[in-house]
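Asker: Sequence:
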Amino acid sequence: MVHFVGAGSGAPDLITVRGRRLLREADVVIYAGSLVNPEILEVCRENAEIYNSAVMTLEEVISVIEAAEAEGKNTVRLHTGDPSVYGAIREQIDALEKKRIPYDNTPGVSSFCGAAAALNLEYTLPGISQSVILTRMEGRTPMPERETIESFASHRATMVIFLSAGMLAGLRNRLIAGGYESDTPAAIVYKATWPDEETHLCTVGSLPETAERFGISKTALIIVGETLRQCGYERSKLYDPSFETEFRSSREET
1 MVHFVGAGSG
11 APDLITVRGR
21 RLLREADVVI
31 YAGSLVNPEI
41 LEVCRENAEI
51 YNSAVMTLEE
61 VISVIEAAEA
71 EGKNTVRLHT
81 GDPSVYGAIR
91 EQIDALEKKR
101 IPYDNTPGVS
111 SFCGAAAALN
121 LEYTLPGISQ
131 SVILTRMEGR
141 TPMPERETIE
151 SFASHRATMV
161 IFLSAGMLAG
171 LRNRLIAGGY
181 ESDTPAAIVY
191 KATWPDEETH
201 LCTVGSLPET
211 AERFGISKTA
221 LIIVGETLRQ
231 CGYERSKLYD
241 PSFETEFRSS
251 REET
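First residue of the sequence shown? That's 1 in my numbering, and the numbers climb one at a time after it.
Do not take every clue at face value.
Said to hold, decoys possible - Label pairs and their calculated CB-CB ranges:
| no. | residue 1 | residue 2 | range |
| --- | --- | --- | --- |
| 1 | 58 | 236 | 24 to 34 Å |
| 2 | 236 | 201 | 40 to 50 Å |
| 3 | 243 | 66 | 27 to 37 Å |
| 4 | 127 | 74 | 28 to 38 Å |
| 5 | 217 | 67 | 34 to 44 Å |
| 6 | 39 | 90 | 40 to 50 Å |
| 7 | 230 | 66 | 29 to 39 Å |
| 8 | 233 | 50 | 27 to 37 Å |
| 9 | 155 | 251 | 43 to 53 Å |
| 10 | 91 | 230 | 47 to 57 Å |
| 11 | 155 | 42 | 41 to 51 Å |
| 12 | 145 | 230 | 29 to 39 Å |
| 13 | 166 | 251 | 22 to 32 Å |
| 14 | 233 | 52 | 53 to 63 Å |
As the list claims (entries may be wrong) - Below, simulated SDA-like cross-link-like pairs (lysine to any residue); rule was C-alpha separation at most 25 Å, straight line:
| no. | residue 1 | residue 2 |
| --- | --- | --- |
| 15 | 98 | 84 |
| 16 | 218 | 103 |
| 17 | 218 | 137 |
| 18 | 73 | 117 |
| 19 | 218 | 177 |
| 20 | 218 | 84 |
| 21 | 218 | 176 |
| 22 | 99 | 144 |
If you are wondering where the hints come from, they were derived from the structure by calculation, not from laboratory data. We put the CB at the ideal spot given by N, CA and C, even for glycine.
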């Protein structure tokens, strides 16, 4: 059996209870060494076989899993954050299905959630933004033509931009070209939930200069949108005394 497990955004205690249990029980662990906090591996058994996928190809990963299956061993494939966001798990799942190797998936705390926690930020403020766009700049992995930074920026919703900390001059220009004003609030969150976490509030226009000032060029999320002001929003209907729900009658004074 193969268990895909989200390690969380960095802090060892942000892995789920289920994920920790699966790690503790695993015979083989293949972890994303360039991103997963190695402290998380301290719960592994002393005799567990541990592989760092940062130095492996897809074929090598599948080969290790296949060998473990042949010996009746359980494998944990440990990904950073939540495996469903930029986790490259589909190609692994397809390979496992071709070989009829069973698997399951345990979610994790994504770095975009960790970044919000670091900023005490609510992404979806009534009257400001009710949508969150998760995206990235083009790198070695191209973006579909319909998913440009400019097209997403035109919505003026909250944006969380992954894998782009080293391309902030271009990102700034494209955000502004798409519709954000230069003075739109922005934030750079470096290594969210890690011990050396950093948060830097700025504007869309000052993103490159802010990153340069603090020496940030990777392992950071970029957040853009008016929700960063954390003001000017409408009160939630959920707890409004005049709003009736399935569980609570209206308490509006007459």
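Asker: Confirm or reject each hint.
Answerer: Tested hints:
no.	hint	in the structure
1	58 with 236: 24 to 34 Å	45 Å, violated
2	236 with 201: 40 to 50 Å	24 Å, violated
3	243 with 66: 27 to 37 Å	56 Å, violated
4	127 with 74: 28 to 38 Å	49 Å, violated
5	217 with 67: 34 to 44 Å	38 Å, holds
6	39 with 90: 40 to 50 Å	28 Å, violated
7	230 with 66: 29 to 39 Å	50 Å, violated
8	233 with 50: 27 to 37 Å	46 Å, violated
9	155 with 251: 43 to 53 Å	36 Å, violated
10	91 with 230: 47 to 57 Å	39 Å, violated
11	155 with 42: 41 to 51 Å	43 Å, holds
12	145 with 230: 29 to 39 Å	35 Å, holds
13	166 with 251: 22 to 32 Å	52 Å, violated
14	233 with 52: 53 to 63 Å	44 Å, violated
15	98 with 84	20 Å, holds
16	218 with 103	32 Å, violated
17	218 with 137	13 Å, holds
18	73 with 117	37 Å, violated
19	218 with 177	24 Å, holds
20	218 with 84	21 Å, holds
21	218 with 176	22 Å, holds
22	99 with 144	30 Å, violated
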